[in-house]
Amino acid sequence: METGDQENPFKVEPTFQFWAPWIGPYTRGPACLNTEYLKKHPESLEDLQVDDCNTDLTEERLIDLLCEGKAQTIKQLCKATNVSHLGNKIDCIQRLQNKLQNPTVFNKVLSKIWGASGGLLVAACPHRVVYAAKFLLRGESPRDFVDILLSMQWQPTVTIADMPQIIAAHGNGRCPGMFQPHGGRLAEPTPQNIELVTSGNFRKELPCLEVGKATVTVTTSETTGAHPATGSTDKYCLFDWLHQNNSSQERELLRQASLVPQMRGWLDTQSAEQLFSSIGRSRYFLDQLQPQNHIFVVRLTWHLQNTAVNKEFATSIGKKYSKLLVNVGVDGKVTATTKARKDSMSWTELDTDPKQKYS
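First residue of the sequence shown: 0, per numbering that gives the first Met the number 0; consecutive thereafter.
The hints are simulated quantities; they were obtained by calculation from the structure and are not laboratory data.
For glycine and all other residues, C-beta sits at the position ideal for the given N, C-alpha and C.
Keep in mind that a hint or two might mislead.
Said to hold, decoys possible - Taking lysine to any residue and the SDA-like style, the derived pairs with C-alpha atoms no more than 25 Å apart in a straight line are:
1. LYS319 with THR336
2. LYS203 with LEU266
3. LYS69 with PHE275
4. LYS319 with THR337
5. LYS98 with ASN87
6. LYS203 with PHE284
7. LYS38 with ALA79
8. LYS69 with SER277
9. LYS318 with GLY328
10. LYS98 with LEU120
11. LYS319 with CYS207
12. LYS69 with GLY138
13. LYS69 with PHE284
14. LYS98 with ASP161
15. LYS310 with VAL121
16. LYS69 with SER276
17. LYS38 with TYR25
18. LYS98 with ASN81
19. LYS322 with LEU303
20. LYS69 with ASP90
21. LYS69 with LEU120
22. LYS203 with GLU249
23. LYS78 with GLY138
24. LYS203 with PRO175
25. LYS318 with THR306
26. LYS38 with ASP90
27. LYS203 with GLN248
28. LYS98 with GLY138
29. LYS69 with ASP161
30. LYS203 with THR223
31. LYS98 with ALA70
32. LYS74 with LEU85
Said to hold, decoys possible - Ranges between beta-carbon positions, derived for each pair:
33. GLU209 with ASN7: 42 to 50 Å
34. ASN292 with LEU241: 50 to 58 Å
35. GLY264 with GLN75: 39 to 47 Å
Work out the full structure: start from the sequences and follow the hints.
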C-alpha cells in the first residue's frame with residue numbers, strides 16, 4: 000500500500016518507448032511491437048497519397064470513417080472543401096462523397112480523418128474473448144493491425160477486419176509472405192473465380208476450422224509455421240459480414256468470409272464492435288483517468304469479461320457431458336475427466352475451443 004505522498008513505482012509515462020500492445024502471456028511472442036512513430040504528418044496535402052496497393056482506401060473506407068465522425072467535424076470538412084454544410088450529417092456526407100473523385104478533395108478529407116487522435120484497437124475471438132489490445136496515440140491505421148499480429152506467438156489462420164485488403168497489402172509489404180496464399184484471399188483472383196463468386200457458385204472449404212479435428216504440437220508448429228490449433232500454414236485476411244460487399248475491386252470479392260462454409264451460421268464477426276459498445280458506456284469515466292490508470296482499468300475490465308466468458312463456456316460443456324469434470328486450459332482447449340476418477344487426473348481432450356482459432 001502507498002500513502003498519499005508516495006509516488007507510484009509502476010507509473011509509466013505515455014511515450015513511444017513504453018507503449019507496446021498488451022497481449023496475454025500465453026499468446027504473445029518474444030516482442031510486442033509498436034511502430035506508431037512511423038506515422039508522420041505529411042509536409043503537404045500533395046505528399047499524402049495512397050499507394051497503388053492500397054487504392055481500395057477510397058470512398059468506401061473514407062465514408063465509413065466519416066459516418067463515425069461527429070456532425071460538427073463533418074460540417075467543418077464541408078467548409079474546408081467548399082461544399083455546402085447546411086442540413087444534417089448524412090446530407091453533408093453525401094455532398095462530400097460526390098466531391099471525393101477530385102484527388103485534391105480526397106487528400107484533404109483523408110488528412111483530416113486519418114490524421115485524427117488515437118483510440119483503441121483489439122483482437123478478439125467470435126466469443127468476445129480479448130486476446131490483444133493496443134492503445135493508440137495516433138489515428139488507427141493498417142500498421143496497428145499488423146503490429147498486433149506480428150506480436151502474437153502464432154499469427155491466426157484467419158484474420159477478419161473491416162479493411163483486410165489494406166492490412167494484407169501493408170503486412171506483405173512489411174513482412175513478405177505474412178498473408179498467403181493469394182495475398183490472404185481464399186483463391187487466386189482469376190476471372191473464372193471472380194465470376195463464380197459473382198454468380199454465387201464459389202465456396203472455399205477450410206476443414207482446419209472444424210471443431211474436434213486433430214491439431215499439431217507446439218514443437219511442430221515452431222518448425223513448420225503451422226498454427227498449433229488449426230495445423231494450417233495458410234494465413235487469410237477476410238472481410239467481416241458488414242463490409243464484405245463494400246470493395247470496389249473485383250479481386251477483393253475473394254475475401255468474403257461468407258464463402259467459407261465452416262464460418263456460416265455461427266461466426267460473429269462483429270464481436271469487436273460489441274466490445275466497444277459495452278465499454279462505451281464508461282467512456283466519460285475512462286477518459287478522465289491518467290493514461291496508466293486508463294490502461295489498467297480497461298485491461299481489468301476485459302480480464303473479468305474473459306474469465307466470465309470462459310466460465311460460461313465450461314459450464315455449458317459440463318451440462319452437455321454431465322459425468323465429466325470440465326476445465327478450460329490456458330491454451331483455450333477444453334479437457335475433462337470422469338468424476339469417479341478425479342484423483343487419477345486422467346485428462347481427455349474433448350474439443351478445441353473455436354476462439355483459439357480465430358484469435
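We went through each hint and held it up to the structure:
Distance hint between LYS319 and THR336 is fulfilled; the C-alpha atoms sit about 14 Å from each other, no more than 25 Å. At roughly 15 Å between alpha-carbon atoms, LYS203 and LEU266 fall within 25 Å of each other, so this suggested pair holds. Restraint check: the Cα-Cα separation between LYS69 and PHE275 comes to about 17 Å, which is no more than 25 Å; the hinted pair holds. About 13 Å separates the Cα atoms of LYS319 and THR337, which keeps this hinted pair within 25 Å; it holds.
About 17 Å separates the Cα atoms of LYS98 and ASN87, which keeps this hinted pair within 25 Å; it holds. A threshold of 25 Å between alpha carbons decides the hint, and for LYS203 with PHE284 the separation of about 45 Å lies outside it, so the pair is violated. Proposed proximity of LYS38 and ALA79 is supported: the alpha carbons are some 24 Å apart, at most 25 Å. The hinted pair formed by LYS69 and SER277 meets the criterion: a straight-line CA distance of about 20 Å does not exceed 25 Å.
Among the hinted pairs, LYS318 with GLY328 is consistent with the structure: their alpha-carbon atoms are about 18 Å apart, no more than 25 Å. The hinted pair formed by LYS98 and LEU120 fails the criterion: a straight-line CA distance of about 30 Å is larger than 25 Å. Using a Cα cut-off of 25 Å, the hinted pair LYS319 and CYS207 holds, with the two alpha carbons roughly 24 Å apart. Taking the CA atoms of LYS69 and GLY138, the gap is near 15 Å; set against the 25 Å cutoff, the hint holds.
The suggested pairing of LYS69 with PHE284 holds, with an alpha-carbon distance near 20 Å, which does not exceed 25 Å. Distance hint between LYS98 and ASP161 is fulfilled; the C-alpha atoms sit about 24 Å from each other, no more than 25 Å. For the suggested pair LYS310 and VAL121, the alpha carbons sit about 21 Å apart, so the restraint of at most 25 Å is met. Between the alpha carbons of LYS69 and SER276 the distance comes to roughly 17 Å, so the proposed pair stays at or under 25 Å and holds.
Taken as a hint, the LYS38 and TYR25 pair is broken in the structure, with Cα atoms around 29 Å apart against an allowance of 25 Å. A hinted pair counts as satisfied when its Cα atoms are at most 25 Å apart, and LYS98 with ASN81 qualifies at roughly 10 Å. Straight-line distance between C-alpha atoms of LYS322 and LEU303 comes to about 28 Å, which puts the hinted pair past the 25 Å bound. For the suggested pair LYS69 and ASP90, the alpha carbons sit about 13 Å apart, so the restraint of at most 25 Å is met.
Among the hinted pairs, LYS69 with LEU120 is consistent with the structure: their alpha-carbon atoms are about 20 Å apart, no more than 25 Å. For the proposed pair LYS203 and GLU249, the alpha carbon gap of about 17 Å is at most 25 Å, so the pair holds. Annotation: proposed proximity of LYS78 to GLY138 holds, straight-line Cα distance about 22 Å (limit 25 Å). For the hint pairing LYS203 with PRO175, the CA-to-CA distance comes to about 24 Å; that is within 25 Å, so the pair holds.
Distance hint between LYS318 and THR306 is fulfilled; the C-alpha atoms sit about 18 Å from each other, no more than 25 Å. For the hint linking LYS38 to ASP90, the alpha-carbon distance of about 32 Å lies beyond 25 Å, and the restraint is violated. Annotation: proposed proximity of LYS203 to GLN248 holds, straight-line Cα distance about 20 Å (limit 25 Å). With a CA separation close to 23 Å, the supplied pair LYS98 and GLY138 stays within the 25 Å bound.
Taking the CA atoms of LYS69 and ASP161, the gap is near 20 Å; set against the 25 Å cutoff, the hint holds. The hinted pair formed by LYS203 and THR223 meets the criterion: a straight-line CA distance of about 23 Å does not exceed 25 Å. For the suggested pair LYS98 and ALA70, the alpha carbons sit about 18 Å apart, so the restraint of at most 25 Å is met. Simply put, LYS74 and LEU85 have alpha-carbon atoms about 8 Å apart, close enough for the 25 Å limit, and the pair holds.
A beta carbon spacing of about 48 Å between GLU209 and ASN7 agrees with the range 42 to 50 Å that was offered as a hint. Against the hinted window of 50 to 58 Å, the Cβ-Cβ separation of ASN292 and LEU241 comes to about 33 Å, which falls outside the hint. Distance hint check for GLY264 and GLN75: the Cβ-Cβ separation is about 44 Å, which falls inside the suggested range of 39 to 47 Å.
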